[in-house]
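Heads up: the protein sequence lines correspond to chains A and B, in order.
In case it helps, the working numbering puts the first sequence at residues 27 to 343.
In case it helps, the working numbering puts the second sequence at residues 1064 to 1367.
Please keep in mind that the hints were generated in silico from the structure rather than gathered at the bench.
Please note: incorrect hints may appear among the correct ones.
What the hints assert, rightly or not - Some chain A residues judged to face chain B by a derived CB distance under 10 Å, without partners named: (1) 45; (2) 186; (3) 317.
Unchecked claim - Have a look at the derived ranges for each label pair, beta carbon to beta carbon: (4) B/1130 with A/328: 55 to 61 Å; (5) B/1184 with A/75: 44 to 50 Å; (6) B/1098 with A/154: 24 to 30 Å; (7) B/1132 with A/114: 46 to 52 Å; (8) B/1172 with A/328: 37 to 43 Å; (9) B/1127 with A/35: 53 to 59 Å; (10) A/111 with B/1197: 54 to 60 Å; (11) B/1104 with A/115: 21 to 27 Å; (12) B/1180 with A/29: 36 to 42 Å; (13) A/322 with B/1172: 56 to 62 Å; (14) B/1130 with A/228: 27 to 33 Å; (15) A/75 with B/1227: 34 to 40 Å; (16) B/1086 with A/101: 26 to 32 Å.
Don't be surprised by glycine CBs; every beta carbon is placed ideally from N, CA and C.
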Amino acid sequence: MGRYLLTKLWHSLLTLLLSALVVFFGVRALPGDPALALAGEEADPATLQQVRSDLGLDQPVLVQFWRFLVNLGQGDLGTSIRTGTPVTELIAATLPVTLWLSLYAILLAVAIGIATGVVAAVHRGRWPEWVANGFSLAGLSIPHFWLGLLAILYLSVSLGLFPASGYVPVTENPLRALYYLTLPAVILGTGLAAVVMRQTRSSMLETLSTDYVRTARAKGLSRGAVLRDYALRNSLIVVVTIIGLQLGGLISGAVVTERVFGLPGFGKLTLDSVFTRDYPVIQAVVVVVTAAYILINLGVDVLYSVINPRIRVGGRA
Amino acid sequence: MSVGVQVVGETAVGEPASREPDLGRVRGRALRQLLRNPMGVVGSVLLLLVVVVAVFAPLLAPYAPTQVHFDTPFQRVGTQGFWLGTDDLGRDVMSRVFYGTRASLQVGLLSVALAVVLGTPLGVLSGYWSWLDAVVSRLTDLMLAFPFLIIAVGLAAINGASLTNAAIALGIAQIPTMIRVVRAETLRWKEADFIRSARALDASPVRIMGQHLLPNTASAIIVQATVIMPVAIIGEATLSFLGLGITPPAPSLGIMLSDAQQYIFRSPAAAVIPGLVIAVICLAFNFFGDALRDALDPTTSSKG
């Protein structure tokens, strides 16, 4: 187990370092001179030179990369050109919105996806399977931001069931927050629910056709017990992996969902920074998202080895 | 017949045939089975419809997609001359939907092509040579760590938003899964007897990979391509909706949705129609892809 985790940790660190490299050179490929952007178009050459040396832009590229890494390590993500505030403050203000939204969406998606997947597997070849399959195909085919627009149009405005936009921090008033976040979370979770449903269904069907399940049934174990103790447990492993893999899609989805429902989250920060060419913020956003992705997948791997002891014994991924 | 197939279904999934399969026969049978599956038929018909609309958009559309009619904005669905109504500038929604479908397929095909062209060789090579596998695995990890939206954000920041940049971002995002699918197939076939005998006969690695492994992974690649296609099409709509994809006034289903959001209460149909079209396009690919996978995968073809 220790060896397995060490390998995983080393791979995560390597990926993190590589992505920092990509971001660093990606930002340097951007058109325009950051010193010019900071000092203003009318700055005289002496000021420009001063700004360049302040930013370390006159140093060799390798030295710059090292300083970039050191700053990253110290949690210094730079300062926004547009607002002049440290990027870490901007992120601290917006990230919680996105995290709550995503967490809520994941919980909903897993609950709905597993439930429908189990129903589809148990009632194989009958109408519940067709309904569940139709639901999952629709979830994969319908752009969820469009579903969001329709939900605002019909559920919020016509029926008045949910607010069309707005946000209340969870720490301020959890119930109000739930009220504001439910519709966005349902919309964001549809795609994930569809994927979870499909995987749960096929994993359950696979387990139910194995010899050890047949043996358990022959021993007299009830159908319900077999479903719960064997099939469902095995499909949980699949679901955990799926969430790790779908995280990229979820992050992209959160950006759109925030746009549709007017939530002041990380996605809004991302889009605002692109449209105003606020390079330090773009750079920081990319670093934070990739780091989050890598760390969560590391977490998934750890969880995975806890649920499934076979991996630990094998020692190789 | 059904007994024989049943046996295939019961044996281990990962056990490839000892003789090299006759791919022409396998695929002919798969095609017949695809057309016997109701989902496959619906998918094929819808797909044909979508492709016809996309290819012949200039002939089918009553107006140019950017032609404005300032005297007739917000026409209702069913208005004579504008059967799907008009938008805030009086542009014909039907014409824009046709051209938007065309743009969706263009982005989809471009990004699928990118994923196949770069993902396939990397997948086969890393499946064949295990020393390369470690390097390619780190590469796929790295690519997976950048969600497509982040790649698109980066490309839009460097080169500006455009159809090509959207397609590149979506294609890059699909390369890692393509590599994994092809690699898994390569690993599955690598130890088959016909590959071993080719190796024993001193066939060069290039020949083994090109002549034997690549054709046998083609089925998996085709299925994966039909899976990627709707993902890329929804991705294009998403990027264009956010202003990171196709730039107005060029028609795109995503741009139509983003425009419609501004006057959604005045003209709900303008927000409903483009989304419905995206859903139909993606359903067509998903139906077709699902049926195709069932037809090509011997373990699920119990009815054959």
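- Item | List of violated hint numbers, smallest to largest | Hints 2, 10, 11, 13, 14, 16 contradicted; others consistent.
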